[in-house]
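Please take these sequences and the hints and turn them into a complete structure.
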Amino acid sequence: SAVISQKPSRDICQRGTSLTIQCQVDSQVTMMFWYRQQPGQSLTLIATANQGSEATYESGFVIDKFPISRPNLTFSTLTVSNMSPEDSSIYLCSVDVYQNTEAFFGQGTRLTVV
Amino acid sequence: AQTVTQSQPEMSVQEAETVTLSCTYDTSESDYYLFWYKQPPSRQMILVIRQEAYKQQNATENRFSVNFQKAAKSFSLKISDSQLGDAAMYFCAYRSSWGGSEKLVFGKGTKLTVNP
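Chain order of the listed sequences is A and B.
Numbering (this note's numbering) for the first sequence: 128 to 241.
Numbering (this note's numbering) for the second sequence: 6 to 121.
Calculated directly from the structure, the hints in this document are not laboratory data.
Every residue gets a Cβ at the ideal spot worked out from N, C-alpha and C, and that includes glycine.
Be careful, since some hints might not be right.
Cβ pair distances, simulated, as ranges [unchecked claim]:
| # | chain 1 | residue 1 | chain 2 | residue 2 | range |
| --- | --- | --- | --- | --- | --- |
| 1 | A | E185 | B | K83 | 27 to 35 Å |
| 2 | B | Q62 | A | Q141 | 51 to 59 Å |
| 3 | A | N227 | B | Q62 | 17 to 25 Å |
| 4 | A | N199 | B | S33 | 34 to 42 Å |
| 5 | A | S154 | B | T25 | 29 to 37 Å |
Here it is, written out as structure tokens:
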């Protein structure tokens, strides 16, 4: 398994600003993912964070809006840029651990944009 | 593309009784994984149970068991002896086994209420 620390746990931000969410894992993981969960909705994958290279984005998500970094095997950041109220969601970091089929999740960041 | 459908937005059960949550999925693949995740109000996604598609035997984890019907593409979760702590959102999820670590595809979720 893996212990995932995601920060901040929640934040209230002004529209037009940016927020960076951090995801730290206690062990080396094979893959890191970022999901968005809009209010009352399911989880949707934003992108796969690749170590040492550009993230792989899902349809409907772009790097300018959601820049992602992964400088090493245990850490990644997701930035939500130029925020609008529509960006109010829970953002979750998820990781794959070697020889495990399931994904492990951080506790999520609840973002409110006002 | 794969899809996952949970047709029950909300379910309720009396404490100590049994409840079944439904999930169907659509895929053209023969090998994949299916999961049930629980999300309590704390937001933490917690794995409840997993099933490998190549295994005919239904997975069980203590009070939780699944009914996996591969031909029907059905994957229901049964919770026995329900407890107050089981109250949460439950998400059914699909993961392809092709190509290594693939993304999870989630259903819309079922909100489970446990009544004392």
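Status of the hints after comparison with the structure:
Distance hint check for A:E185 and B:K83: the Cβ-Cβ separation is about 32 Å, which falls inside the suggested range of 27 to 35 Å. In this structure, B:Q62 and A:Q141 meet the distance hint of 51 to 59 Å, their C-beta atoms being roughly 53 Å apart. At about 20 Å, the CB distance of A:N227 to B:Q62 agrees with the hint of 17 to 25 Å. Remark: the range hint 34 to 42 Å for A:N199 to B:S33 is upheld by a beta-carbon distance near 37 Å.
A beta carbon spacing of about 36 Å between A:S154 and B:T25 agrees with the range 29 to 37 Å that was offered as a hint.
Hint compliance for this structure: every hint is met.
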